[in-house]
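Enquirer: Here is what each chain is made of, one letter per residue.
2 protein chains.
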Amino acid sequence: MTDDASTPTTPATPAPESITTIACVGIGTIGGGWAAYFLARGYRVQAWDPSPEAGNRVRRLIDAAWPALTQLGLSENADPENISVHTDLAEALDGAQFVQESAPEVLEMKQQLLADIDAHAADGVVIASSTSGYSMTEMAVQAANPERLVVGHPFNPPYLIPLVEVVGGEATDPAAVQWASQWYEHLGKSVITMDREVPGFIANRLQEALWREALHMVDNGEATVEQIDRSITDGPGLRWPLQGPMLTFHLAGGPGGMAHMLDHFGPSLKSPWTRLEAPELTDELRESVVAGCDEEAAGRSVPDLVAERDRAIIAVRQVIDQLRRDAA
Amino acid sequence: MTDDASTPTTPATPAPESITTIACVGIGTIGGGWAAYFLARGYRVQAWDPSPEAGNRVRRLIDAAWPALTQLGLSENADPENISVHTDLAEALDGAQFVQESAPEVLEMKQQLLADIDAHAADGVVIASSTSGYSMTEMAVQAANPERLVVGHPFNPPYLIPLVEVVGGEATDPAAVQWASQWYEHLGKSVITMDREVPGFIANRLQEALWREALHMVDNGEATVEQIDRSITDGPGLRWPLQGPMLTFHLAGGPGGMAHMLDHFGPSLKSPWTRLEAPELTDELRESVVAGCDEEAAGRSVPDLVAERDRAIIAVRQVIDQLRRDAA
Chain A
1 MTDDASTPTT
11 PATPAPESIT
21 TIACVGIGTI
31 GGGWAAYFLA
41 RGYRVQAWDP
51 SPEAGNRVRR
61 LIDAAWPALT
71 QLGLSENADP
81 ENISVHTDLA
91 EALDGAQFVQ
101 ESAPEVLEMK
111 QQLLADIDAH
121 AADGVVIASS
131 TSGYSMTEMA
141 VQAANPERLV
151 VGHPFNPPYL
161 IPLVEVVGGE
171 ATDPAAVQWA
181 SQWYEHLGKS
191 VITMDREVPG
201 FIANRLQEAL
211 WREALHMVDN
221 GEATVEQIDR
231 SITDGPGLRW
241 PLQGPMLTFH
251 LAGGPGGMAH
261 MLDHFGPSLK
271 SPWTRLEAPE
281 LTDELRESVV
291 AGCDEEAAGR
301 SVPDLVAERD
311 RAIIAVRQVI
321 DQLRRDAA
Chain B
1 MTDDASTPTT
11 PATPAPESIT
21 TIACVGIGTI
31 GGGWAAYFLA
41 RGYRVQAWDP
51 SPEAGNRVRR
61 LIDAAWPALT
71 QLGLSENADP
81 ENISVHTDLA
91 EALDGAQFVQ
101 ESAPEVLEMK
111 QQLLADIDAH
121 AADGVVIASS
131 TSGYSMTEMA
141 VQAANPERLV
151 VGHPFNPPYL
161 IPLVEVVGGE
171 ATDPAAVQWA
181 SQWYEHLGKS
191 VITMDREVPG
201 FIANRLQEAL
211 WREALHMVDN
221 GEATVEQIDR
231 SITDGPGLRW
241 PLQGPMLTFH
251 LAGGPGGMAH
261 MLDHFGPSLK
271 SPWTRLEAPE
281 LTDELRESVV
291 AGCDEEAAGR
301 SVPDLVAERD
311 RAIIAVRQVI
321 DQLRRDAA
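Listed in order, the protein sequences are those of chains A and B. Heads up, the first sequence is in UniProt numbering, so the first residue is 1 and it goes up one at a time. Heads up, the second sequence is in UniProt numbering, so the first residue is 1 and it goes up one at a time.
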């Protein structure tokens, strides 16, 4: 599109680096956690919440989070007091250049609230929802301008866990998805941009599979709650902060990596090691997984990755052991 | 049973603290990792492996692991050279007071090897298998004395990951299971003793559910390998070294903990957030999970656990960030 003055122009979405003021709509555990994070990054926060308790609650949450945020490093202008709490939505949205909605997971509430936010937010402002379960396609149905509505799904606590999953609905402008991804990256987040809606996004699907298998085991008396937790904290959980499940199995294949692992252990996908049926290990799936691991490894050999893993496990164990001693 | 001299007595299993010599049967990645761990704990290791390469390979593995083991703290008498490698099984088992079998995951090979070990090991010596997939009931069929055969399933690398899952087969003497659990605890391991055989034990079932869901997502083009790994490393993987999946959801419930979480988010078990169907959330299952979390929390309130979690996430993030900077 040219800069022709006769062309109707879309109102400009502010450049991420020009943003100073953010609206947090809903300030429970997740919304309040976002508010703490935005404050630590030096932004002004205007919060909306219908509860008369919300102001005190978010104050306590920010005070509790601030030492952690300080330890991780505050941005210039970071000020835990730079927040106002409103019961009037229009007031909270006045002047906001980005909106993070974190209302309870009730579809009708989200639909109404996103429509109200859309009605009050300045033109061009992108509106993100923290929803962990709904698609933007189903949440955006009442909004007049669904093209600027995106999912920006954080992990609890949003002020410490870097991951944010970004995805639009059917009516979302791809430019809004791209803008939101750039904005969260500018904020210092680890962003995963999905090109289509999948129920539960990515991390929650993985977590949910594990959680459901755990519930089955408790239900059948196969394991206790404590055994399930310890099987993760003292087992694979020590590897996962550095290397995810894919790279973990890349290393399990020895020097031959994921290719060897799939060729050798592929048959175990037929084993009844979980209630979840595995997909057929086609040549195409094998190639996707092997190529993806090679790409992630980025030239590092399996022994290189083993050495990195070992350093990480030692360091993580020392950190956790020390924290447990301190707590005892 | 009384100490009546006329009663046939079972040969005594050595007390864990009296053990000095261990046989490692099979010294690939897992068996060699066990050997490194036993050496670091001050034991004499007698290894058996049919491969002429095995001696050099295990030497390289021990040399690579030793700095890590040194950093975690060596026991008195720890000596990386205190190992002999044999191609004759009887030689490797001569004088061994405990046997750790880590042969390839081929059922017929395990059956034959466990029978051979049983034939050569001194009476009363407990024999553990590192198998990640077979039950002792199916592996023990050829052994003359199946009562002393147990599964002692480690996680890779066995010299750094504390978890060991212990379970017997149908013919295993419960005393051997109990002895193996005490022995691994004496060694400094985090032991989970299962009272019945479940395919894949506990941690692998949880890991396998996650892995299969990940394969489905790659297969359907819903996520890339890199996105799957990052969704864990930068997301829930940062919480799991301190708090497992159960305690994680205990905290997701706010001050009401797991009880509130199940009452509030129970319906999401019906959501298509993974291909794995959840069990019915009966009152009984709800009570088991809530009681298990209360027991694990051991008097710590949800805010206490949140504070512990936040300290752990910060420390783990700092450790991982530093390792990534060092590697770059």
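I should point out that these hints are in silico values taken from the structure, not numbers from a laboratory. Hints should not be assumed to be uniformly reliable.
Each pair may be met inside one copy or between any two copies, as identical chains are not told apart.
[Stated by the list, open to error] Below, a list of computed lysine to aspartate or glutamate pairs in the EDC-like style, where the Cα atoms sit at most 20 Å apart:
1. Lys270 - Asp219
2. Lys270 - Glu108
3. Lys270 - Glu17
None of these values were measured; they are calculated from a predicted model.
Enquirer: Decide, hint by hint, whether the structure agrees.
Expert: Okay, the hints, checked on the actual structure:
{"no.": "1", "hint": "Lys270 - Asp219", "result": "between (23 Å within a copy, 16 Å between copies)"}
{"no.": "2", "hint": "Lys270 - Glu108", "result": "between (42 Å within a copy, 19 Å between copies)"}
{"no.": "3", "hint": "Lys270 - Glu17", "result": "neither (51 Å within a copy, 41 Å between copies)"}
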